[in-house]
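Chains A and B supply the protein sequences, listed in that same order.
Our numbering numbers the first residue of the first sequence as 1 and each following residue consecutively.
Our numbering numbers the first residue of the second sequence as 1 and each following residue consecutively.
Derived from the structure by calculation, the hints contain no laboratory data.
Possibly wrong hints are sitting among the right ones.
It does not matter which identical chain is used: a pair holds within one copy or between any two.
Straight-line C-alpha distance at most 25 Å; calculated SDA-like pairs for lysine to any residue [what the hints assert, rightly or not]: (1) K61 x I78; (2) K11 x D53; (3) K20 x G49; (4) K11 x D52; (5) K11 x S35; (6) K11 x E54; (7) K61 x Q31; (8) K61 x V75; (9) K11 x G30; (10) K20 x S35; (11) K61 x D32; (12) K20 x V80.
Protein chains: 2
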Amino acid sequence: MPTIVVDVMPKAELLDPQGKAVSGALARLGQDAFSAVRIGKRFELTVEGEVDDEVLATARKVADEILSNSVIEDVVGIEVVE
Amino acid sequence: MPTIVVDVMPKAELLDPQGKAVSGALARLGQDAFSAVRIGKRFELTVEGEVDDEVLATARKVADEILSNSVIEDVVGIEVVE
Numbered sequence: 001m002p003t004i005v006v007d008v009m010p011k012a013e014l015l016d017p018q019g020k021a022v023s024g025a026l027a028r029l030g031q032d033a034f035s036a037v038r039i040g041k042r043f044e045l046t047v048e049g050e051v052d053d054e055v056l057a058t059a060r061k062v063a064d065e066i067l068s069n070s071v072i073e074d075v076v077g078i079e080v081v082e
Numbered sequence: 001m002p003t004i005v006v007d008v009m010p011k012a013e014l015l016d017p018q019g020k021a022v023s024g025a026l027a028r029l030g031q032d033a034f035s036a037v038r039i040g041k042r043f044e045l046t047v048e049g050e051v052d053d054e055v056l057a058t059a060r061k062v063a064d065e066i067l068s069n070s071v072i073e074d075v076v077g078i079e080v081v082e
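If we strip away everything but chain A, and leave its shape as in the complex, we get (with noise of 0.2 Å):
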């Protein structure tokens, strides 16, 4: 069944505890290969049937208004995969 994967990440100018946190963590584990982490979230929306232009429309819609908080999040991907 076809499933639309919408990404949202908390805004850039915002700071992002949680992936500061897991930042801090990297460090003090060893791993500096990384010098900065961020966290969002990834919805996988099962659709029954086909995915049409409506469909889509009704994902963006759903992205933007219900899944994501547009004043400290960003809707960064929304695509289909099988």
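Here the structure of chain A is known, so what remains is to put chain B in place on it, guided by the hints.
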């Protein structure tokens, strides 16, 4: 700067209560295009310099051992974006 994106999802055979809640909320709000919702995490690891095989191997190790809990989660994707 290059970024390594790590996607982590709850294992398919496990219930995802957060996803179930969102799925129920969507249905109550009149959005019935989606039959199921699962919610995972998206990590963005910023790399200073080039992403070579060694950095990618480190990212894979960190994804498996630190960013995900292999009892309940799967790493479903690791990709490099600019």
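(message) Could you work out which of the previously given hints the structure breaks and list their numbers from low to high?
(response) 2, 4, 6 and 9
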